[in-house]
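Keeping the supplied structure of chain Z fixed, place chain V upon it in accordance with the hints.
First to last, the sequence lines map onto chains Z and V.
Mapping to my numbering: the first sequence position 211 is 211, numbers consecutive.
Mapping to my numbering: the second sequence position 128 is 1128, numbers consecutive.
Honestly, the hints are just simulated from the structure, not real lab data.
Hints may contain errors.
[Said to hold, decoys possible] For each label pair, taking beta carbons as the anchor points, the in silico distance ranges come out as:
no. : chain 1 : residue 1 : chain 2 : residue 2 : range
1   : Z       : Gly-242   : V       : Glu-1135  : 17 to 25 Å
2   : V       : Glu-1121  : Z       : Glu-60    : 24 to 32 Å
3   : Z       : Gln-134   : V       : Glu-1121  : 18 to 26 Å
4   : V       : Glu-1162  : Z       : Leu-72    : 47 to 55 Å
5   : Z       : Arg-204   : V       : Ser-1161  : 55 to 63 Å
6   : V       : Tyr-1166  : Z       : Gln-128   : 52 to 60 Å
7   : V       : Glu-1080  : Z       : Val-205   : 49 to 57 Å
8   : V       : Glu-1135  : Z       : Thr-207   : 21 to 29 Å
9   : V       : Glu-1135  : Z       : Ser-125   : 44 to 52 Å
10  : Z       : Gln-152   : V       : Glu-1135  : 52 to 60 Å
11  : Z       : Gln-232   : V       : Arg-1131  : 23 to 31 Å
12  : Z       : Ser-125   : V       : Arg-1131  : 32 to 40 Å
Keep in mind the model is a prediction, meaning the values are calculated, not measured.
From the three backbone atoms N, C-alpha and C, an ideal C-beta is built for every residue, glycine too.
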Amino acid sequence: MKEVYKFGIPALDEALGGGYVDGSIVLVEDEMGIPSEVLLAHFIVQGLRSGDDIIVLLSEHPISYYIALINLLGFNAEMAIKMGRLVFIDAMLNPFVAGKRVPYYSKYAVRNVGSISEVRQALQSAIQELKEPQKLRIVIDSLSQFLPPLVQNPQQVVIFLQQQMVERKERGGVFMALLHRDCHEPQIIKSVEYIVDSVISLERVKTEAGKPAEIILRFLKHDDLVLFEKLQNQSFIYKFEGGKLAVYEMGKIPLRTDLGW
Amino acid sequence: MRAVDELLKAKVLLPAIKRPADFDIVEFFSEYGRYIAHLAIVIKNDHGEVFYESSCAPCSMENARKLKTCLDLASALDIEYTFLVYCFSDTVLSKRFGVVREGVETPPFDFRKFICPNKPEYRQYLSEIIREIEELRPSSIVLMDVRYPWRNFCFCKRCRSEFAEYAGSPTILTSSHYLLEVLQQYEQYYEMWLEWRSKVVSEALAEILSKKKEGIPVYVEIILDPVSEMYKGLVEFFAQDIEKMAQFVDGFMVNLFPYSGVPNERVTIEILEPLLATNKDVRIFYEGKIDDRAIKVLRYISSKLESERVFINIGGQK
Chain Z
1 MKEVYKFGIP
11 ALDEALGGGY
21 VDGSIVLVED
31 EMGIPSEVLL
41 AHFIVQGLRS
51 GDDIIVLLSE
61 HPISYYIALI
71 NLLGFNAEMA
81 IKMGRLVFID
91 AMLNPFVAGK
101 RVPYYSKYAV
111 RNVGSISEVR
121 QALQSAIQEL
131 KEPQKLRIVI
141 DSLSQFLPPL
151 VQNPQQVVIF
161 LQQQMVERKE
171 RGGVFMALLH
181 RDCHEPQIIK
191 SVEYIVDSVI
201 SLERVKTEAG
211 KPAEIILRFL
221 KHDDLVLFEK
231 LQNQSFIYKF
241 EGGKLAVYEM
251 GKIPLRTDLG
261 W
Chain V
1001 MRAVDELLKA
1011 KVLLPAIKRP
1021 ADFDIVEFFS
1031 EYGRYIAHLA
1041 IVIKNDHGEV
1051 FYESSCAPCS
1061 MENARKLKTC
1071 LDLASALDIE
1081 YTFLVYCFSD
1091 TVLSKRFGVV
1101 REGVETPPFD
1111 FRKFICPNKP
1121 EYRQYLSEII
1131 REIEELRPSS
1141 IVLMDVRYPW
1151 RNFCFCKRCR
1161 SEFAEYAGSP
1171 TILTSSHYLL
1181 EVLQQYEQYY
1191 EMWLEWRSKV
1201 VSEALAEILS
1211 KKKEGIPVYV
1221 EIILDPVSEM
1231 YKGLVEFFAQ
1241 DIEKMAQFVD
1251 GFMVNLFPYS
1261 GVPNERVTIE
1271 ILEPLLATNK
1281 DVRIFYEGKI
1291 DDRAIKVLRY
1301 ISSKLESERV
1311 FINIGGQK
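Just chain V, with the same shape it has in the complex:
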C-alpha cells in the first residue's frame, strides 16, 4: 500500500514482521533498509516455533538462517531490532498445557493455542528462551500474550484448586467443578478471582524474566480493544494488572484494536494516559487491516508520542 510505504520511508511508522518465515527479508532490506531505524521481528511465534538455533524450542535451520541474514543486514545498516516473543500462545505445546474454558463465550481468535499461565514447567521453558534470545543482542524484547486468553479462562485443575485455596476454601469452591457463573453470583469471590488471576500473570511475567540479565529493556504487550472493553478488559479479560506488571518491565507495547480494527470515533492520545502515568515507555503495535482510517489514527498517535514508537505489522499488508 502506497501510503504505508511513504509512512515507513518517512519514519512515521516502524515495520514489524510477524511472519518472518514467509517474508522476503532481502527484498525488504533492499527497498526499505536505508529508511528504517528500528525493526520489530517475531522470534518465537504463536505456533511455538523459534527463528534461531535454540537448544529447547522447535526451529528449522532454514528459518534460523533467514533470521541470521536479517540480523546481519540490520547490523550492517545500523538498524535496531526488537524481538517479539509469543509467550502463552504456543500451538505445539498447548495440547499438553492448554487452557480450560468455562461457559459458552468464545474469544475472537483461536483460544486452543493458548497455554495456562499457571504452569511452572512452561514458565521455565519461556525463561530459557528469553535467556537464549538475549545472546542475539536485540535492542529490546517484547513479551506478547502474557495473559489469560479471555475472561472465561482458565478452569484447569491447577487453577481451580489454587484459587479455592487462595479464597480460603469456601464451601462453594470446594467442589472440583465450580463454574464461572457461581463466581459471578458472589461478588466477593469474583473480585478475588480477578485479583488471583492477575497475581498469576504477574508471577508468570516475573518467572519468564528470572534468567534474564540486566541491560536489554523488556516490554509487555497490552491489548486495548473495544471488544475486550479497553482498560476494563485488561484485568477482567486478560488478568493484566498494569501496576503489578510495571514492576518487572521497562515499558508497554499496546496492541491497538487487534480484534475490531480502528473504531469509527476518533482515537485520541488520551487512551494511552493510564499507561503513560506509569512512567514507563509506551509503544504501539498495530496488526489489523491498514486502510485510510487506520493510517490517520496511527499517524496521529505517532505524532503525539515523543519518538518513533508505532510499529505496524507489514507481513500481510503488501
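Here chain Z stands alone, though its shape is the one from the complex:
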C-alpha cells in the first residue's frame, strides 16, 4: 500500500481520498492577502505528527514567522528542529544578515537570492542530513521569487520541478510549493501547472452580494483522473480566524473538526 500524506484538515483529506500519494508534486496558487501559509503550516504540522521528516524553504518569510505559525498550530517547532525532523532553508534573510550571529535554526541558506540552482543544492544537503528519510515532505514558500519578473526566465524553475518530479517518484516524499498567481504572466503559471501532479487554487470570490468576499479553495488539477472528476466539482470555504483554520465544502454545514476546533 502506498504511503499517504495528509493535510490534517478533515475536509481536504477526505476529498483527496486520504491524502496525497507518495511522489506527488503539488502546487498551491494564491493571490495577494490570502493566508495560504497557514495551509502549508498545517501540512508541515501534520507531517510532524505523523513522524515524517520536513524540509521547509522560505524565500518570503523569516524562519521565525513559520516557527511561530507551527507553534500556534500546536506543535513545538523548536523541539522538532532540535530533533532534526524539521529543517529550514533560509532563502530570504541570510544574505542580509552577513556578520550577524546566525540563529541555530538557520543551518542552510540560499545566499544568492533568486538562484534556483542554490535552492537545489541546499535541498540536497538538507536531505542528506535527514539520513534516508522514510517519509519526506518538502515545502517551498514560495516559487514566485524564482520566476519572472523577479528573474529573467522561468526555465530554471521548470527544470527544477521536473527534477523534483523524478526524484520524489524514485525516492518518495511529497513536494509542495506556493506560487502567487497574480505576480506572473498567465503563460508562466500555465507552464508550471503543466509539470506538477496537483494544483490547489486559493482565490477571493464574492459569493453573496453585500457580503465580503470569501476565500475559495479549489483543485485545478490532480493526477488521479477518477478522483479529479469529483474534485473539480468541489469548492471549499477557507477561513483563518482567531488562530484557527476552517476549511469546509461550500453548501455543507461544517462539522466542529472542519472549523479547526
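Chain V alone, transformed into the frame defined by chain Z:
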C-alpha cells in the same frame, strides 16, 4: 490463555498493554474492567510514537482517541493506570542520535532502534514528553530502556571523547578510534569506563525527570535476565547503577527474563533482594511467553510481594 484470564480476574497478575494501537480497548474493558485494579499501558512506544496529542512527538489522532477512550473507561471503572514510556529506544529518531557498536557481539534484540543516552537534545525531548504525560494524571510513570543497549555500546564520537577526558586523556584513549578490546585489556580503564557509563545513564535519568513536578511516582525499568548475567549485567551491559538511580526514582520495575523466558531452575524471591534493599517499591513486568512454568513463577513472585505488583504483557497472549 485460560490460566492468565483467571489470574487477571483473581488480581494475582495485572495487565500491561504494550501495543495499544493494536489492542481492542473496549473489548478488554468489557471483559476484565470489573476485576482490574491497576493497568499499565505504553504511552510512548519504542518506535517513537506517543498515544496522546503531543506538541513534540509523533502521534496519530486515531491512537490519541483510542488512549482517551481507554483512560475515560479506566477512570469510570476506578482503575488506576500507569504509563510505560520507552526512553532510549526510538526508531523514528535513532537514525540521528543512534548508538555506535564496537566489536561483533550482537544483543538479542534490534539495537538499531536505540539512542545514545549521552545526547542532551534527546534527553530534553524526553523531559518534555514526561512533562506532557504528567498532565494526563497517571498513578505512576515507568521509564523503560533508560540504559545503553548492551555492553559493547556506545562508541559514538561524543561518548569516546567524553570518556577519554573523564579518564584523564591517557595515551591509549587519545586515538579517536580506541576499541572495547583495548579498554578490556587495561582493567583500570575498563572499570572507569563502566563507572562513566553508569554516570551518563544516571545523569540522563535525572535530566529526563527535570521538568516533572512532585507527586506522581516514577519507576525505572531494570532488566534481569540470565543472558545479560542478572545483576552483574545491570552495570556491565546496561550501565544501570541501582544506587545512583535510586536517588531519582520512587521504585524499580523489574523486566523479568525478557530475552530468555523463565529459566528452568525455580526462581526465588531472593533475586529481588538487592532491589528491595534500596527501600524502594519494586514491581515486576513480564513480557515473555506465558506458559505453565511462567505462570507458576509469576504467581509465586506475586504471592511474595506485599501488594499487587506483577504486570504481564497481555498484548500477544490472547
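Check each numbered hint from earlier against the structure, then list the numbers of those it violates in ascending order.
-> 4, 6, 8, 9, 11
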